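Student: Heads up: the protein sequence lines correspond to chains Z and S, in order.
For any residue, its number in this note's numbering is found by taking its place in the first sequence, counting from 1, and adding 628.
No gaps in the numbering here: position 508 of the second sequence is 504 in this note's numbering, and each next residue is one more.
FYI, nobody ran anything at the bench for these hints, they're computed from the structure.
Keep in mind it's a predicted model, so treat the numbers as computed, not measured.
Possibly wrong hints are sitting among the right ones.
Derived PhoX-like pairs (lysine-lysine); straight-line CA-CA distance at most 25 Å [unchecked claim]:
#1 Z:Lys685 to S:Lys5
#2 S:Lys82 to S:Lys121
#3 S:Lys238 to S:Lys281
#4 S:Lys238 to S:Lys182
#5 S:Lys238 to S:Lys310
#6 Z:Lys737 to S:Lys310
#7 S:Lys638 to S:Lys649
#8 Z:Lys644 to S:Lys238
#9 S:Lys5 to S:Lys31
#10 S:Lys92 to S:Lys82
#11 Z:Lys685 to S:Lys2
#12 S:Lys505 to S:Lys561
#13 S:Lys265 to S:Lys298
#14 Z:Lys737 to S:Lys31
#15 S:Lys585 to S:Lys505
#16 Z:Lys644 to S:Lys2
#17 S:Lys310 to S:Lys350
Some chain S residues flagged as far from chain Z (calculated, every beta-carbon gap over 10 Å) [unchecked claim]:
#18 Ala13
#19 Ile84
#20 Lys195
#21 Cys543
Which chain Z residues stay away from chain S? Per the calculated CB distances, all over 10 Å, these [stated by the list, open to error]:
#22 Thr649
#23 Asp651
#24 Ser664
#25 Val681
#26 Ser688
#27 Ile691
#28 Gln693
#29 Arg721
#30 Lys725
#31 Glu751
#32 Asp754
#33 Gly755
#34 Thr776
#35 Asn787
#36 Tyr794
#37 Thr797
All C-beta atoms, glycine included, are put in the ideal place defined by N, C-alpha and C.
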Amino acid sequence: MKGMVFTNFLDMVEDKFGIETVDAIIEDSDIPSGGSYTAVGTYPHTEMVALLVSLEKAVSIPIPQLMKVYGEHLFGILANGYPVLLEGCETSRALLKKLDGVIHVEVQKLYPDAELPRFKAIEKPDGKLEMHYLSDRHMEDLAEGLLTGCFLHFNEKANITRESGYDETIVFTISYE
Amino acid sequence: MEESEKWQKRYQRERKARTEAEQLLEEKSLALYTKTQELDELVAKQKNLIEERTRELATASEEARLLSDAVSRTENGVIITGPDNKVIWANQAICKISGYETEELIGSVPGHVLQGSESEQDVRKYMRGKIRSREPFEADILNYHKEGHPYWIHLQATPVLDEAGNFKYFVAIQSDITEERETRTKLVSEMKRANIMAKRAKEANAAKTKFLATMSHELRTPLNGIIGYAQILEKSGSIEEKAGNQIRIMRRSGEHLLSLINDLLDISKIEAGSHNLTPSRFDLKGMLQSVVEIISSKAYEKGLELILDYNEGKFVPDRHRARLFADSRALRQVLINLLGNAIKFTDKGSVTIKVEITDFRGENAILNISVIDTGRGIPEDKIDTLFDAFKQVDEERDVIQGSGLGLFIALRLVQEMGDEIHVGSTLGVGSSFSFKIECPMDFTEDRKSSVDPRNRPNEEKFFPSAYDGRTRRLLIVDDVEDNRNFLIDLLQPIGFELEEAENGTEALKKIKNSKYDLVLSDVIMPFMSGYDLIKTLRADPECKDLCVIAVSASLMQLSTLEKDKMKNFDGFISKPVQASELLATLRNKLELDWIYPETEEEKSSASQNQEGSEISSESNYLMRLHWLARIGDIKAFKTEFKALKDIDEDFYKRLSILVRGYKAQQSAEAIENYMHEHKHG
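Put together the whole structure using the sequences plus the hints.
Tutor: Structural data, given as structure tokens:
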């Protein structure tokens, strides 16, 4: 998992719960990196899971909710940090349709060691958009948070429903208002 | 945890992250640097490649400029046509040659513009075919100038293909060959004229040859009468000595005239190139002996020894005789000419004919033949011109008899047989003429000596007066009465029963009604020729075995076809008829034993001698020795004269000395004297 996911996560924990909480979850999780992350590095995703487990314990908020919140926060960071990836996308639908085929391809070029999930957009005849998520890491909560952050970024309103699809695919159905 | 300890940890975390970030940055920078290096190298390479290409392009465009310059300015017309066969480019020269402007030519089909009514259709068709199949071609074709006058060009067209092998365009180069064509046309007509002239000359020459052949036939016929009757008179035995000499002169003059006619005919045939060798199988030794017989009288008259030195080496098996497959007539004539020439220029000593079989491989034998004389010799500066035709006639007509063509004819015949005549000569010592022939050889059993000592010697002096056995009936066929009469006068006294016929038809009638032992037939006769007569006889089962001898003056003018027809005859005798030849043929064909008239001397010696047969056999033996010495057959002489030791040892010893020295003539004289002294005939 890219270092910037970790650094932004710890920044958010520090912002919302204070530096003490940051120290506490690092201490508690006993992760190999010792909580020392650089944005351009790459770290095992198990560290993120360990940090989330410790945070849940420290602040008494369930992990899925924590991840959704972090996803919402992360999209803002990504949009500001990599505006080039959003170029030419006026709506979230346009961005989401480009995600798997275009944006992830570019990310892979920039970080050849990055392990990206499949996140494919399928337009439905009724105007809805299906996002099919597939990843060994099962970060679908983070994905949902990112989707919410995306709508916020484009200043749109949309409903997201989630169900399990074929194999281990998670299908998000987006209905725009 | 103390506050300071917390900050300590936080600081350590951050420092670790920073170090890690710096490390990653370093790695990225290095990777970037390496990539940049690679990129630089790639760029440099591309730059070089571009420069190289640019240079190549510059060179190519310079070459193209030079080429275009050259093509534009060459004297030869150049046209380039595209896939639709229309002109896409033309140079200045083509405009100059054709009279058309470049603009008029471009877009046109060259054949339509440049060719016209007189341009050869076949050539145009050929060119169109080649253009269609995109093949290179060359052609000469008549083109037309814009103003209408025609001119000849030589066209050389080559298709140009692209790298993939697809046709791009045709490049055609045209050169004006009008002048060259005109010269060639003139040359061809000149050559035609020359050929006609040559043909006319050849025809004239052939006509001349034919005339000579006909004339020779015409000349021989009267000579037949002259020589024939001279022979009969000379050998009749009832003529006074003075008259006998006169008749002899008459006969020799006739024979001389005949040899001149023969030479002239031979030379005209050789000059006309119509002489061909016709090989047949013949007995070598027999041929040599007959040559010696013919020439021996001439040698005898000049008191020269004539020696036949025949050496068949180890190649001929015992009791066998060599047979050659060659033109015996030509070989015979070469020998007679060389021997005649040798005798003519030799005043004392000998003339030797030396024949040696030097090799026999496969079925081909090689023979070395030389004629060696002890004559006056030939000056070195004369040797080269020795064989020139007519040479001697001009220079030495007064001194030497003969046409002077003998050596020339001999040389040409030897050349036809595949060699040259080599001359060796020392002034005052003698000359030698030698040549080599190579021809197939086989062998026949030597059943009987060709020489019959009982008969031959007296033939020199007399004709036979009779023959043993029953009377033989002969038919003489000839359209010329004189010729028939001569044969009758010659043969009747010997005891033949003779009938005459004037042509083939009459002969045929007589043959059907009566039985003959032999027919002597002329070849060229009215109504039915000798050829047709023999053809009819051979086809008739009743007469096919009848012995028919051709008697003709026309041998020299026979074509190959006629020579073929001659093969149907059982033999051939040339006119003027030599009595000895005719008698030998008759003896041979009819298996006769001649009986000779006895001279007064013989008659008396016969009555004086009571021993009879014993003496007679001794006398025959001496006569045979005498004859062998006369013809110069020293080899046979040496074998046979050993028996003389038992008859007279003294004489044998005297003769041995002469024989060892190859003195054939002196041996003959010695035997003659001996016989005279001892009353042997």
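Student: Checking the smallest CB distance to chain Z, is S:Ala13 really beyond 10 Å?
Tutor: Nearest chain Z Cβ is 5 Å from S:Ala13, so the label is violated.
Student: Hint check: S:Lys638 vs S:Lys649, CA-CA at most 25 Å. Holds or violated?
Tutor: Holds, at about 10 Å.
Student: Are the Cα positions of S:Lys238 and S:Lys182 separated by 25 Å at most?
Tutor: Measuring from Cα to Cα gives roughly 74 Å; hence the hint is violated.
Student: Within a Cα-Cα threshold of 25 Å, do S:Lys265 and S:Lys298 meet the stated pairing?
Tutor: Answer violated: S:Lys265 to S:Lys298 is near 32 Å, above 25 Å.
Student: Between the alpha carbons of Z:Lys644 and S:Lys238, is the straight-line distance 25 Å or under?
Tutor: Answer violated: Z:Lys644 to S:Lys238 is near 182 Å, above 25 Å.
Student: Could you check that no beta carbon of chain S comes within 10 Å of the beta carbon of Z:Ile691?
Tutor: holds (23 Å)
Student: Would you mind confirming whether the straight-line C-alpha gap from Z:Lys685 to S:Lys2 stays at or under 25 Å?
Tutor: Roughly 20 Å between the alpha carbons, so the hint for Z:Lys685 and S:Lys2 holds.
Student: Against the 25 Å threshold, does the CA-CA distance of S:Lys92 and S:Lys82 hold or violate the hint?
Tutor: holds (19 Å)
Student: Measure nothing beyond the straight line between the CA atoms of S:Lys5 and S:Lys31; if it is 25 Å or shorter, mark the hint as holding.
Tutor: violated (39 Å)
Student: When you look at the beta carbon of Z:Asp754, is every beta carbon of chain S farther off than 10 Å?
Tutor: holds (47 Å)
Student: Find the nearest Cβ of chain Z to the Cβ of S:Ile84 and say whether that gap is larger than 10 Å.
Tutor: holds (51 Å)
Student: For Z:Val681, is the shortest beta carbon distance to chain S beyond 10 Å?
Tutor: About 20 Å separates Z:Val681 from the closest Cβ of chain S, which puts it past 10 Å; holds.
When the structure is compared with the earlier hints, violations turn up for hints 3, 4, 5, 6, 8, 9, 13, 18, 23, 24 and for no others.
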